[in-house]
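Quick note, the sequences are listed as chains A and B, same order.
184 is the number that the working numbering gives the last residue of the first sequence; the numbers go up by one with no jumps.
168 is the number that the working numbering gives the last residue of the second sequence; the numbers go up by one with no jumps.
I should point out that these hints are in silico values taken from the structure, not numbers from a laboratory.
C-beta atoms are modelled at their ideal positions from N, C-alpha and C, and glycine is treated no differently.
Accuracy of the hints is not assured; some may be wrong.
Not close to chain B: a few residues of chain A, all C-beta gaps over 10 Å, as computed [to be verified]: (1) 51; (2) 54; (3) 79; (4) 82.
Calculated pairs, BS3-like style, for lysine-lysine (alpha carbon to alpha carbon, straight line, at most 25 Å) [to be verified]: (5) 134/B x 6/B; (6) 25/B x 183/A; (7) 134/B x 25/B; (8) 6/B x 151/B; (9) 183/A x 117/B; (10) 144/B x 134/B.
Residues per chain, in single letters:
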Amino acid sequence: MIRSEILKEIAPILNPHLVVCNIGLPSQELHMIDDNERNFYMLGTMGLSSSIGFGLALAQDKPVISIDGDGSVLTNLGTLPTIANNATGNYTLLIIDNGSYGSTGDQPTYAGMKTSLTAVAKACGCENVIEVQDKDLGPVLQSAIDSDEMTIIVCKCDSGNIKLPVITLDPVVIRHRFMEAVKA
Amino acid sequence: MNIDKKIVDDLVANDVSFVTTVPCKQLAGVIEEVENRDEIFHIPSNKEDEGMGLCAGAFMGGKRPAIIMQNTAIGVTINTLATLTQFYRMPLPMIISYRGELREPVACQVEMAVHTKALLAQLNIPTYHFHWQKDVEEFDNILKYTFMCNKPVAILTDANFWGGYGDQ
Ligand SMILES: [Mg+2]
């Protein structure tokens, strides 16, 4: 499965919850599949989906899912120790690991070579790290959200992209409606 | 006057309850004070752009954030300031150790100091420079201003403000 197929499959699981979605194609795909005010689309700043979602999870009690990519996690590896050492049960980090920089033309990442993000997350001190194959993600994600323990999911999948338009929503609108959803 | 206490008192009085820090020798006292306050959740960051991401999330979660860092970090956070904090219009007081100014003992620090104000000006970030101890009296107003306008705001605090480095 490629990322857009995975997002289509887990969209109903994500829908009731606060989701911080990675820059580029992941946000564009989620926007196309199930745009709603509980989605925070990153339009810039590669790598910070994990950190933004984690800050949000620390600041309030609702479940938060950060959707990140292998390339973006590699950009901001330093945040994994921060997340591990300040763990909060309402946080789930979903790393869609297709072994490539999808949004920039599918150049290979080191996560598709010798580097295991699962092992990295564990070595950083994250206690619940689950590596899962694309087709098995749904139930794993659902139980991670339902659980009181923070979970890092590394979802291994194929690389590949679909054609779709950029997000034209104004960033302040994305942020405002998201904050209203947080308060709701 | 205890500057560390005054700064953290002002943060608390302005309802800042989420503070991320990247350490600096000059800021050690204020970081310790942040850590010791029950009203503030203190989360150390490994890099300043990560910290700005945490602050963005905390803000959207209903908390008022702040970041404490060195001026060298302006060099690594420009993209984050422009495409996250400014683009989504979020408030962020940045309490910055202004290394490389008067009374600086380490030459290399000057290399980023000479770019610091120019970079902040290029980003249209409101910038205040604390050089004398009494300058801290403005801090409360700066925090109010930051959360009024939803912008990142820089407070540069140099070695003279902190009382120098002692014998070096
Ligand atoms: Mg990827």
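Going down the list of hints, with the structure as the test:
Some Cβ of chain B comes within 10 Å of the Cβ of residue 51/A; the nearest lies about 3 Å off, and the non-interface call is violated. Residue 54/A, annotated as away from the interface, has a beta carbon of chain B within 10 Å; the closest lies near 6 Å. Consistency note on residue 79/A: stated as away from chain B, yet its beta-carbon is not over 10 Å from all of that chain's, at 5 Å minimum. With a minimum CB-CB distance of about 6 Å to chain B, residue 82/A fails to clear the 10 Å threshold, and the non-interface call is violated.
The suggested pairing of residue 134/B with residue 6/B holds, with an alpha-carbon distance near 11 Å, which does not exceed 25 Å. About 39 Å separates the Cα atoms of residue 25/B and residue 183/A, which puts this hinted pair outside 25 Å; it is violated. The suggested pairing of residue 134/B with residue 25/B holds, with an alpha-carbon distance near 21 Å, which does not exceed 25 Å. In summary, the hint linking residue 6/B to residue 151/B is supported, as the alpha carbons are separated by about 23 Å, within the 25 Å threshold.
About 37 Å separates the Cα atoms of residue 183/A and residue 117/B, which puts this hinted pair outside 25 Å; it is violated. Taking the CA atoms of residue 144/B and residue 134/B, the gap is about 18 Å. The hint holds against a cut of 25 Å.
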